[in-house]
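These protein sequences, in sequence, are chains A and B. Throughout, our numbering is defined as the position within the first sequence, counted from one, plus 1223. Throughout, our numbering is defined as the position within the second sequence, counted from one, plus 19.
The set of hints was computed from the structure by calculation and includes no laboratory data. Check each hint, because a few of them may be wrong.
As the list claims (entries may be wrong) - With a straight-line cut-off of 16 Å between C-alpha atoms, the simulated EDC-like cross-links for lysine to aspartate or glutamate are:
no. : chain 1 : residue 1 : chain 2 : residue 2
1   : A       : K1782     : A       : E1825
2   : B       : K68       : A       : E1783
3   : A       : K1868     : B       : E109
4   : A       : K1404     : A       : E1438
5   : A       : K1850     : A       : D1813
6   : A       : K1847     : A       : E1794
To be verified - Label-pair distances were calculated between CB atoms; the ranges are:
no. : chain 1 : residue 1 : chain 2 : residue 2 : range
7   : A       : N1528     : B       : Q160      : 47 to 53 Å
8   : B       : L54       : A       : L1597     : 54 to 60 Å
9   : A       : T1559     : B       : S158      : 54 to 60 Å
10  : B       : E52       : A       : S1875     : 21 to 27 Å
11  : B       : A127      : A       : L1230     : 49 to 55 Å
12  : B       : K151      : A       : I1860     : 51 to 57 Å
13  : B       : L54       : A       : F1823     : 27 to 33 Å
14  : B       : E52       : A       : S1829     : 24 to 30 Å
In this text, a Cβ means the ideal position worked out from N, Cα and C, and glycines have one as well.
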Amino acid sequence: MDTNQYLEIFIDESKEHLQAMSEHLLELEKDPENIAIVNEIFRSAHTLKGMSATMGYEDLANLTHKLENVLDAIRNHQISVSLQIMDTVFSSVDDLEAMVEDIAAGGDGKRDVSAIVEKLLIIEQGEAAAAVEAPAAPTAYQPAAALSYDEFEWTVINQSKEQGFTCLEIAVSLRPDCVLKAARVFMVFEVLEKCGEVIKSSPSSEQLEEEKFDETFTVTLITKEPAGDIKEKIKKVSEVERVQVTEITSVTEPEMKPASPLPAAPQPKRDSAAQETAKKQPAETEKGEAKSSKQAASNKTIRVNIERLDILMNLFEELVIDRGRLESISAELNHTELNETVERMSRISGDLQNIILNMRMVPVETVFNRFPKLVRQLSRDLGKQINLEIIGAETELDRTVIDEIGDPLVHLIRNAGDHGIEMPEVRLSKGKPAEGTIKLKAYHSGNHVFIEIEDDGAGINKDRVLQKALDKGIVTEEQALGMTDRQIFELIMASGFSTAEVISDLSGRGVGLDVVKTTIESLGGSITIDSQEGAGSIFSIQLPLTLSIISVMLVEVEKEKYAIPLSSIIETAIVKKEDIMNAHNQQVIDFRGKVVPLLFLEDIFSVPHEEDDDHFYSVILVRKGEKMAGLVVDSFIGQQEVVLKSLGNYLSNVFAISGATILGDGQVALIVDCNALIK
Amino acid sequence: MSEILASETVKVIAFQLVDKEYALPVHQVYSIEKLMHITRVPGTVPFVKGVINLRGVVTPIIDLRSRFGLSDKQYDESTRIIIASFGDIEVGLVVDGANDVLDIPVDAIEPQPEVVGSLGDEYITGVAKLEKRLLIMLSLQKIFN
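Working from the sequences, and respecting the hints, build out all of it.
Below is the structure:
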C-alpha cells in the first residue's frame, strides 16, 4: 500500500495522541487511582499502535504495544501505579516522540527500543504475573443499561446542574416491528435537541444511525424542561413503545467499573485545542458534544498546511499595500462614487484582514503543553518539589510569535525552577509549603499578549545583583545609585551576568537571560521583572498580537515620511515655540504636569534641512514603560495599517529604525523604533 | 583553433561606472531596474543610499561610485540599479549604465595588473580583455563587507 499520502496525517495525529498521552500521564501521576485517565491513555496508545502498524513503523508499533500491555494491566488492577512505573512509561513516551519526530524529519522512525521494551516487560510480568492478556478495547456496543460517564462528561453534567439545568437519562424503546429504526432515532433526537442538549447516547450515535441496536437506546439530555413534558414529546414520535426518564442526581463522580471500559471507537475525536476551549466554555461544550455525537464523521474543522496560510498572508499584504494606494488615489480625485467603492473595499478588506489574522492565531497551549513534562523532569533532576500551574492556555497568538517564544519560555521556567524555587527543607524552614509553585499565565490586553512566569521561590537578592553588576563592570557606581528596583532586576538580563554561585547545566551560564531578552525584543515585545526577596519573582513578557500588520501614525519630517507604531504613542499635541523650556541642554515641555524631553526627529535622523520659521511644533508623545518623550515632526499625515517589512540582511541594526513598510504610493517609509529613542 | 576548443565561458553583466566598464557574473544578478524613488535610511554608511520597494521587497541600495570612492554624479536617464545577491544578502547597486550581457572566455580573464586605475584592488577579482574592451570583474562579497 502506498502510505505516503497518509504520512502527514499520520504525523499530525501521532503528535496529538502523544501529547494527549503526556497530559493524561501527568494527571494520572496526581491521581493514580483514576482508571478513567488510564482508559484515555490506553485509547491513545491503542490508536497510535494501529496507525503505526498500518504505516509500517515496526519499532513504533512494538513499543506502543508493550506500553499498551502495561496500561491494560494497570487498568485491570493487576498492577498499581508507582513512581518507577510512571518513569518508565514517561520515558517510553519520550522514545515514541523521538521516533515520530524522526519520521516527520524524513527518517524511517527506527530506534533501539529494546531496553525500554525490556523494562516494560518486567513491569508487566513482574507485577502482573497472573495477567491474562486482555483483549483490546471492545468494539461491540454496550447494552443500553444505565450509562457510565467519563470524567469529562461528569464535568459537563455537574456544571450544567450548577447553572440550573437538569440532567436526564432517557431510555427509549421502539416497537419490535419498527422498520426504519434509524429514522425514528433521528426523530427522537430532533425532539430532544429542541428541548436541550444531548451529551451522550448508548449505543453511540453512529451505531444508532446504522441501526446496530435492538429496540432500546439510552440518551443523556441536559435540559430545563420538566421530565414529564419530555416524555410526552418523545412518545409523540410514532413507533415509540416506551419511554423511561430518570434524573441523574449523583453529583460526585462514581468510580468507574474497570471491567467495562467505554467503547474506544465511537468516541468522537476532538483535537486537543477544541478540547481545551471546550473545558472553558461549558455551554459551548454541550453544543459541540451534541453535534459531534450526532455526526462524528463531519467534523467542522479542516487541516490546512501552514504554508498555504503564509502564502495567503503574503498575498493579503500585497493587497493591503494596494488598498493604501487606492485610498490615496481616491482622496486625490475626490470622486463620490469612487470614494464610496473604495471605502467599501477598505471595510471588506479590513474584515478579511481580521479573519486571516485569526486563522493564523494559535493557542499558546501549543507551546505550554510541553512544560508540565519539563517541570516534572526539572523537579526530579533538582530534587525539588515543583508544581506547575498553567492559566490561560487558550490565549491565542500569531503563529510567527508562537514559533519564537518557545525557547525563551523554556529558559525562564528552568531559571525559575533552578534559581527561584528553593530546596524543600529550605522552604519548610522559611514557613512555606515544601512544594514550590511556578505559575505560567497568559492573557490578552489591548493589542498585546502578556505571558507571566511567576514563582514563589527565593526572589532576587537586590544587593547581590548590584554588587555583581558592579564587579563585572556592567554598571558604574554612579549609575547604580539612581537605579530603581526594577532596573536592578533587569541587570540579570544583561549579557555576561550570572548570579548562580554554582553553575548548573540547566541555567546559570549567564548567556541565557540576555538571549531571552534579545529574542523577545526582536519580536517587538518587552520583558520586565518584579521580585520580592523571599516571596518570589514575576517575569512578565509583553508581546504583540501579530508581527505582520501593525497600525502606525504616518508623519512627515521635511520631505521624508516615517511611521510610528501606534502601540507606543500616547497622544499627539501641537506645542507653541514659547512653551519649550531648556533644562541641561535638553529641550523639554510641560505635558500635563510632567516634564517631557523633546526629541527632534530631524536631528536624530539627520534629515536634509531647510530653513523653517514654525511657531508651532507638532509633537508625538511616545512612551517606553513609564518613561515618556516627545518626538517633534513637521506634520502628521494620519493613521494607517501597514505591513511590516524588514530592511533585509544587509541593513540589520539601523539605529532607531525597526523596519520598513511600503506606502500606497509605492514608496518605502521607515518605521521608527521608539524603544531605542528613549533611554 | 585551440581558442575555440578552450571556449569555456562565463556570462557576465557589463556596466559603466565613470569611464570604465565593470562586470558581474550573471548568476549573481537578479534584475536590472531603472531608477526609482529611494528612501534614505538615516544612520548608515554614506554609500548606502537607502532602500527601494522592489516589487514588495524592501531592498537596500549601494551607490557604487561612492562605494569605490569615485566622484559623485547626478542620477540621470541612463542610471540603473543592478539588483545583485550574494549569499543571503540582496542589494541594489547604482551604476551609470548597464550595457550588455557578454560571454567571456574564462582564459581571457587575467589576474588584476599592478595598476588599473583609481579603484583599489580589494573589490576586483580579475580583468577580462575582449578585443578593445577591458572589463573589470568585481567581487560582490567584498563590496558588501
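Status of the hints after comparison with the structure:
1. At roughly 11 Å between alpha-carbon atoms, A:K1782 and A:E1825 fall within 16 Å of each other, so this suggested pair holds.
2. For the suggested pair B:K68 and A:E1783, the alpha carbons sit about 14 Å apart, so the restraint of at most 16 Å is met.
3. Distance hint between A:K1868 and B:E109 is fulfilled; the C-alpha atoms sit about 14 Å from each other, no more than 16 Å.
4. Taken as a hint, the A:K1404 and A:E1438 pair is honoured in the structure, with Cα atoms around 8 Å apart against an allowance of 16 Å.
5. Note on A:K1850 and A:D1813: the hinted pairing holds, with a Cα-Cα distance of about 14 Å set against a maximum of 16 Å.
6. Annotation: proposed proximity of A:K1847 to A:E1794 holds, straight-line Cα distance about 13 Å (limit 16 Å).
7. A hinted range of 47 to 53 Å for the beta carbons of A:N1528 and B:Q160 is inconsistent with their spacing of about 36 Å.
8. Roughly 55 Å separates the CB atoms of B:L54 and A:L1597, a value that falls within the hinted 54 to 60 Å.
9. The supplied range of 54 to 60 Å is met by A:T1559 and B:S158, whose beta-carbon atoms lie about 58 Å from each other.
10. Separated by about 23 Å at the C-beta atoms, B:E52 and A:S1875 satisfy the suggested range of 21 to 27 Å.
11. B:A127 and A:L1230 have their C-beta atoms about 52 Å apart, which keeps the hinted 49 to 55 Å range intact.
12. Restraint check, B:K151 to A:I1860: a C-beta distance of roughly 54 Å satisfies the suggested window 51 to 57 Å.
13. One distance hint, 27 to 33 Å for the beta-carbon pair B:L54 and A:F1823, holds here, with the actual separation near 31 Å.
14. Taken as a hint, the range 24 to 30 Å holds for the pair B:E52 and A:S1829, whose Cβ atoms sit roughly 27 Å apart.
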